[in-house]
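Chemist: This is what each chain is made of:
4 protein chains.
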Amino acid sequence: MSFQNPVFIPGPTNIPENLRKACDMPTIDHRSPLFGQILHPAREGVKKVLKSDAAEIFIFPSTGTGGWETALSNTLSAGDKVLAARNGMFSHRWIDMCQRHGLDVQIVETPWGEGLPAERYEEILTADKNHEIKVVLATHNETATGVKSDIAAVRRALDAAGHPALLFVDGVSSIASMDFRFDEWGVDIAVTGSQKGFMLPPGLAILGFSQKAMEATKSATLPRTFFDVRDMEKSYANNAYPYTPAVGLLNGLNQACGMLLTEGLENVFARHHRIAEGVRAATEAWGLKLCAANPSVYSDTVSAIRTPDGFNATEIVTHAAKIYGVAFGVGLGEVAGKVFRIGHLGSLTDVMTLSGLATAEMCMADLGLEIRLGSGVAAAQEYYRANPASAHKAAA
Amino acid sequence: MSFQNPVFIPGPTNIPENLRKACDMPTIDHRSPLFGQILHPAREGVKKVLKSDAAEIFIFPSTGTGGWETALSNTLSAGDKVLAARNGMFSHRWIDMCQRHGLDVQIVETPWGEGLPAERYEEILTADKNHEIKVVLATHNETATGVKSDIAAVRRALDAAGHPALLFVDGVSSIASMDFRFDEWGVDIAVTGSQKGFMLPPGLAILGFSQKAMEATKSATLPRTFFDVRDMEKSYANNAYPYTPAVGLLNGLNQACGMLLTEGLENVFARHHRIAEGVRAATEAWGLKLCAANPSVYSDTVSAIRTPDGFNATEIVTHAAKIYGVAFGVGLGEVAGKVFRIGHLGSLTDVMTLSGLATAEMCMADLGLEIRLGSGVAAAQEYYRANPASAHKAAA
Amino acid sequence: MSFQNPVFIPGPTNIPENLRKACDMPTIDHRSPLFGQILHPAREGVKKVLKSDAAEIFIFPSTGTGGWETALSNTLSAGDKVLAARNGMFSHRWIDMCQRHGLDVQIVETPWGEGLPAERYEEILTADKNHEIKVVLATHNETATGVKSDIAAVRRALDAAGHPALLFVDGVSSIASMDFRFDEWGVDIAVTGSQKGFMLPPGLAILGFSQKAMEATKSATLPRTFFDVRDMEKSYANNAYPYTPAVGLLNGLNQACGMLLTEGLENVFARHHRIAEGVRAATEAWGLKLCAANPSVYSDTVSAIRTPDGFNATEIVTHAAKIYGVAFGVGLGEVAGKVFRIGHLGSLTDVMTLSGLATAEMCMADLGLEIRLGSGVAAAQEYYRANPASAHKAAA
Amino acid sequence: MSFQNPVFIPGPTNIPENLRKACDMPTIDHRSPLFGQILHPAREGVKKVLKSDAAEIFIFPSTGTGGWETALSNTLSAGDKVLAARNGMFSHRWIDMCQRHGLDVQIVETPWGEGLPAERYEEILTADKNHEIKVVLATHNETATGVKSDIAAVRRALDAAGHPALLFVDGVSSIASMDFRFDEWGVDIAVTGSQKGFMLPPGLAILGFSQKAMEATKSATLPRTFFDVRDMEKSYANNAYPYTPAVGLLNGLNQACGMLLTEGLENVFARHHRIAEGVRAATEAWGLKLCAANPSVYSDTVSAIRTPDGFNATEIVTHAAKIYGVAFGVGLGEVAGKVFRIGHLGSLTDVMTLSGLATAEMCMADLGLEIRLGSGVAAAQEYYRANPASAHKAAA
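Chains as they are written, first to last, in UniProt numbering: chain A, 1 to 396; chain B, 1 to 396; chain C, 1 to 396; chain D, 1 to 396.
It is possible that some hints are incorrect.
A pair holds if it fits inside one copy or across any two, identical chains being indistinguishable in the list.
Calculated cross-link-like contacts (lysine-lysine; reagent style DSS-like; alpha-carbon spacing at most 27 angstroms) [claimed, not checked]:
hint : residue 1 : residue 2
1    : K322      : K234
2    : K289      : K218
3    : K129      : K21
4    : K81       : K289
5    : K212      : K51
6    : K212      : K338
7    : K134      : K289
8    : K134      : K51
9    : K21       : K134
10   : K338      : K289
11   : K338      : K234
If you are wondering where the hints come from, they were derived from the structure by calculation, not from laboratory data.
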């Protein structure tokens, strides 16, 4: 296995050297006070990254998908009603999970490439006079389409409708990379993982619960043990887990939060935006369009790039891996074959990004697309030069 | 954090240098063929460690507890009947999980320190003419009491009763350290984790499913998504996971299996037995007794050592951590305060073990127990010298 | 410290992941047979990389400079005559070392940018009827100017003159990256280090001695102890060193040789040539010239690129480090300020190289040079696409 | 290779986890300001560890032996007179190096096991009316015999004789483990390496030069280039080296100094003394004697233990390595076969030490010595319990 080139998948991301080392930890006793010295600061750090004062932070040895299940199974009972929009593969999967857990999902089908339809949410919530809808799902950043949604608008929809439903946000590919405001947006459960904005290996589901969400755990009857936050809560009070925690990853998470907070969250977000703008400049220079419908929904963590009709975009990904040893993301679901994705989140520099763009150019040219070599690179270079990165070196 | 001394908790174990390095891996694309080159050999390796030709191997980014939940939720429906004995904290927890998932558990209360009551199982199964019992749970090695049970006898009980129930075995603290025969014993689901016999960091639930267990997944209605083995099965066929896999740990698992199989499973088991015998010789020299009722149930991976009445055994663990920087295990549940535990599984040498025994001696003496310094060490030295370890260096 | 971008200095090079891990080794007893299992294969590997059957390989905890001193002090006596050409900073430094050791160096001043003057050597050697010249120095690859020389031609000069002088070759920035033929070229001492073609951290001087060079050690009277190859030779026979060896680096060297030989030396050389050609294509596209006088002396490990008169080339290096976090090499000595250097040896892919070229472009543009953004990148892309690298992935 | 057990050679020592990671560093540009941020603090740290305000610190990619050569070749000329005592293998080797460099060594033969004869030094220096002796060599800790010497007494001898000779001290196995006072003792050159008290891998020669020693570099005519401190001094001023520095080891050295100074030097020394006392208690319990003649010269970093007449002590070392996977040190030179050595310097706990003692006991018993198993362990346990280590955990 060669590990020479950076990866450009939308997570797991390139792991900074110091986080590699933080995770690579000898065994300690996970029932000792020493473990508490890792666990509690890690949870505090996550809370700050979520911009929350009050969220209860839970961290499971699992993934973002496990985080979704934690959110549902701890707060809902079979037959409960859930409102969700489907605008990409990841919102689709969360809906699918709801259905498999016996929940009744009211699905708002939304074109892939558009953001969450807050106005439609407001209509539905207003119409739900009996407040049968218990939870509203919102995917902050659709990793499949490179589309970010306006969570504040979803909160306004709930408020305008005077609806008490819980607001669950999938922030897997946004948290720690794009602005996320747990308290201000009235989020009840936020879900993320270790392998995106936190720049760690996969293996952690990371969640924040509001007090209202904690309250809901008391009446929820969906079966749960591994993902039960009440067990977790009790154990945390004793510096422990209900089972064996992933100590090394928690140590890494603690350090990752330290890096992010030292850099400053706004700097982190600005850095991601800047890198993303370079990728978008390249895309335009290539004469291609993003899957994302318009600039207001452009994601700063992943760009899904549409290729011309009749061209199988997946070939770019296969070719890049085979010929150049570089990993991009394929299109998923409705946009399979129509887009390829460049992940640009986590620990990434101008220089690394340019190497990804140069690779994409070579692949497209190799596969017969009319791409002028160097054109996207030049556009990104121009952008990066014109917008110097004073902050971008912080997350090393 | 100091990492100078070995740990003597019954898992996570001391991680060998090469497995540390195998897990500490840069990011690769987990949807690429490269990932398949890690995943499939790892699954093949686990199958061999289970001594199975036909088991389907599933590996989740989770823990042994997640493995228990995988076993239950994939094969059972609410209200299903389960037979289980409670002879320690871990069998207790699995029973508790069943109950929280709405299963009807027939519990055979068994003294802590004794093995599974195969005869009692046979009686109950024979009496269950309508075959309402769908699953028999069996904890192969009770980590809380240092007691191993005779799984072949449980299988004989099922067979003698002509009962079709599935046999689920918790092998978390036995598999890869003590003899385990998936096929020969007719195990339907075996559950373990990465952090015990496989000598890896925590973070993986590892399971083997028989074809009969796979069949049961079709009718089971307990809700499951994250732990659904059918999704896993489909994804494996594409070198993938239904979500982001813990690539580094899988790489470590692949290498761990290689180490174990190169050493030879029988050598691995003999090595564990030999190290354990030294600990038991020391225990006897100290004038203390094991929690395990008799030699036939002595565990080769963990010894729970009873301290004299009126003495709080937990103090030994606290004192060892505080004064000598060594981690032992406390007593849990019924035997809390009555035993302390020495984990002796995974990558351990005579020399490392002697350092643990020397520490235990100092702690007991410090806390006022009448222990002659050097006495347990001498007994173990005697045993190790008389039983030279030709094989014990293999798992480095 | 951030380690996100590759380095483009002409050594130390980017260290492949597996070599990082090979060097990062716990302490072993360096007087045990285990050490011999590292030392001897490492020496055998080096011998093969040198294309020698008979060379004695010596490895010191030192650097290439220490290797130069080893060559001189083991074979010469104060006042001995040495023939050397000065065509760059590194040939200059070796000459300087000779003089500081009391040797009488006949210096052939040679324009920086040209290769060794084999014809001039032949004249001088032919004129040296009394064979007072004991050693001929030859810098295979001048790292300062990016110029390779024809060592076979130097050997022919010696032979044509019928001169018995020893031939010492500085292969620090060529060996393991460019073709080197110890036996065929009649090299008497070859000198290199760990941190270039072997892709390891710095810390080793690596030498091959011919039997004729070994013979010379007997009469040489320059004082030496640390660098005495006779002590080394005796100790090697006992799996040992005369002092504490750098065990981790030796372990890395052993593995590095394995990588190179598995890839195949000719493939390694072709890979370096291919990467270098891309850099040269970019240089041409920028409208710039190499310091190297003509294609026959172009180095495949480093390119020294001349910038326009009146421009301080060092600013590119400073700017790249400060603004883009990328390390290039400055000009040294006569060409200080006139060239900047791109190192392209060791573990490097197309993709990594393109990121270096993109960075150089941005720096030159930022500093006011008339460089079209993307132009060099495009030229290199064109070359790499037209000359696919089937072998280039081997040195991972 | 297995790395399960600690090593008990008198260096290289067990490397703490954090120092392993500090040394394992990706490539940086060693001519960049970043390098200065490693180099200068490392040199400052060493100066503090030497208890010096004014020493010039030099660090070479080499070993302690290279450090000896640096001391001699930078300050002396062929034929210069040196005074030295030979009381062990390492003092012998330094004398041998002097002779090979053409120096005229007045050797005071001293029984192996005794310390430096300060009184005899005083007589000789007093008799040297013409001050022909330029340098006095003093081995602070003879690693071969486990004997420390009184450097303050040597300084008093020089002062009493009113003699201007330089005082060179080999502190390879004492510095950073035992009290060393560069300024107070009037040391002119102190020599050590990375792999002992600094707990790093081998690969660095570390020296302190007094201003008087710096002055001597001006007139010294022994040839030197690699080891020339004047080149080093000039380069340091530019954040650089005259050649490629061992960046990773320097980074480790910087961190090692931080660890030692945070713990507090006196605590470090007390910790070594305490661990050593346990080993000496065990030795006495075994009925054996140290090579060191009396308590005033007992070394706190290594114990050379005499075995009964007619017994080949080297067999213990061979047997320990082969059967128990533990490394001890053999006897060297005059005491070869008569002693075996237990290194007890660097990162070592009670618990680790006890494992070494338990191993030594098993080996001696296996080889037929009349050793009661557990006896030495018990004596050390008794000592460690009675002398609790509040400080000993600091150097992790």
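Chemist: Going through the earlier hints one by one, which of them does the structure break, listed in rising order?
Modeler: Hint check: 2, 3, 4, 6, 7, 9 fail, others pass.
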